[in-house]
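For the protein sequence lines, the chains are A and B, in the order given.
Quick note: the first sequence, position 35, residue 24 per the working numbering, numbers continuous.
Quick note: the second sequence, position 12, residue 1015 per the working numbering, numbers continuous.
The set of hints was computed from the structure by calculation and includes no laboratory data.
Predicted model, so just to flag it, every value in this text is computed and none were measured.
Just so it is clear, CB atoms sit at the ideal spot from N, CA and C, and this is done for glycine as well.
A few of these clues could be false.
To be verified - Among the chain B residues that face chain A by a calculated CB cut under 7 Å, a handful are:
| id | residue |
| --- | --- |
| 1 | L1025 |
| 2 | A1034 |
| 3 | A1047 |
| 4 | L1062 |
| 5 | G1067 |
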Amino acid sequence: MAQTHEQLIQGDPWTINGKQFTSRLLVGTGKYATNELMVDCLEASGCQIVTVALRRIPLGQKGEKNLLDFLDLRKYTLLPNTAGCFNAEEAIRVAHLARASGLSDFIKLEVLYDEQTLLPDPIATLDATKILVQEGYTVMTYTSDDPVLAQKLEQAGAHAVMPAGSPIGSGQGVLNPNNIRIILEKVKCPVLIDAGVGTASDTAFAMELGVQAVLLNTAIAHAKDPLRMAHAMREATEAGRLAFHAGRIPKKLYAQASTPQKDF
Amino acid sequence: MKILVNGEARELPGGTTLQGLLQSLGLRREALVAEVNRKIVEKAQDAALGLQEGDQVELIQFVGGG
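Sequences and hints are given; from them, build the entire structure.
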C-alpha cells in the first residue's frame, strides 16, 4: 500500500551526534509577543529542538515565571545558543553556563564579528568549535556559507554545520544556493540552514537543496500571524524534504505537453 | 560587605552565603545558573559558599533566543 504523508515523514529521521529527530524544523524562542503565543507556535511548527539564550536574571522580580516554565522539556530538546558573543572565550563561557543547567549538552555555537551584519568570526568560530567538541558538547556551529570553512568545522568535530542563508533576521532567504550545494557535497555531518529565512517558500527551497533541517525564529515570531506562519513552516519543511527525495524534473527551455497531442 | 550581583552593587551582611543571597532575592535555584568570580557554582555548594567583599556574582537564566 502506498505510504501516507505521515509515514514518509516519520520514516525519514535524521540524527545529530546519535540523537534522532523526525522534525526537520528547529525553532527559536525569541521575539514572540507573549510566551503563550510562543508555546502555540512551537506546537504548530512540529519542532523537536528549540533554541534558547542565556542572560542575566533581572533582580527585584521575585518569583517571576521564566522561559522554562513554558517549555515542555519532555517534548523539546533545548539548543542553547551563544548569541551575542563576539569572541571564543565568551562563547565558551556561555556554553559552560548552559551545560551547568543540567538540561542540555547541545550548543548552538555562534561567535559573531560585528553587530551590523551579525556575520560569524570564522577563526574564532573554528577555535571555539574545537574546544567545545573536546569538552564533550554536541556542537552545532553557525557559520557563513563558505564551503571551505564548513569543511574545516567538520574536521574540527562539529556535529552539524549551519550556514546562514542570508544575514540573521534579514528574511532574504537563501542568497547563494550554489555555496549550499557545494557544502552539501563536501561535508558529511548534518548541514542546516540557520538564519535568513523569511517565509515558507524560503524554507521549502532550502530543504529542496538537500539540507538536513532549517532553523528559524524571526520568520515565525515577527510574521503578522505567527501561528499561521508556524503551520506554514512545518508544511514547507516537509514539502521541501519530500520534493528533495522525489527529485525535481530537469528545467527545459521549451514546452513539453502533459496531454497527448493527437487522436482527438 | 559590598558585592556585585549581575553588575549591580549590593550591600550584604558579612558571612552571607550564596544560598542566603538567592533566598533574599527570592529566586528559584532550579531556574538559574550561578557564577561567582567567573566560576560556576553547583547547587550543592550554595550553602557552603560564603561570599566575600568584592565578589562578582552572576545569576543567569534561559530566555527566548534564536
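Next item on the list: So, G1067/B near chain A? Judge it on the closest CB pair being under 7 Å.
Entry: Nearest chain A Cβ about 4 Å off; hint holds.
Checklist line | Per-residue hint verdict: L1062/B, partner chain A, C-beta under 7 Å | finding: holds, 5 Å
Item checked: Residue hint A1047/B, partner chain A, criterion CB-CB below 7 Å -> violated, 12 Å
Check: Regarding the hint that A1034/B lies at the interface with chain A, is the smallest CB-CB distance below 7 Å?
Finding: holds, 5 Å
Next item on the list: Hold the hint about L1025/B up to the distance rule: shortest CB distance to chain A must be less than 7 Å.
Entry: Where the cut-off is 7 Å and the nearest Cβ of chain A is about 10 Å from L1025/B, the hint is violated.
In the structure shown, a violation is registered for the earlier hints numbered 1, 3, in ascending order.
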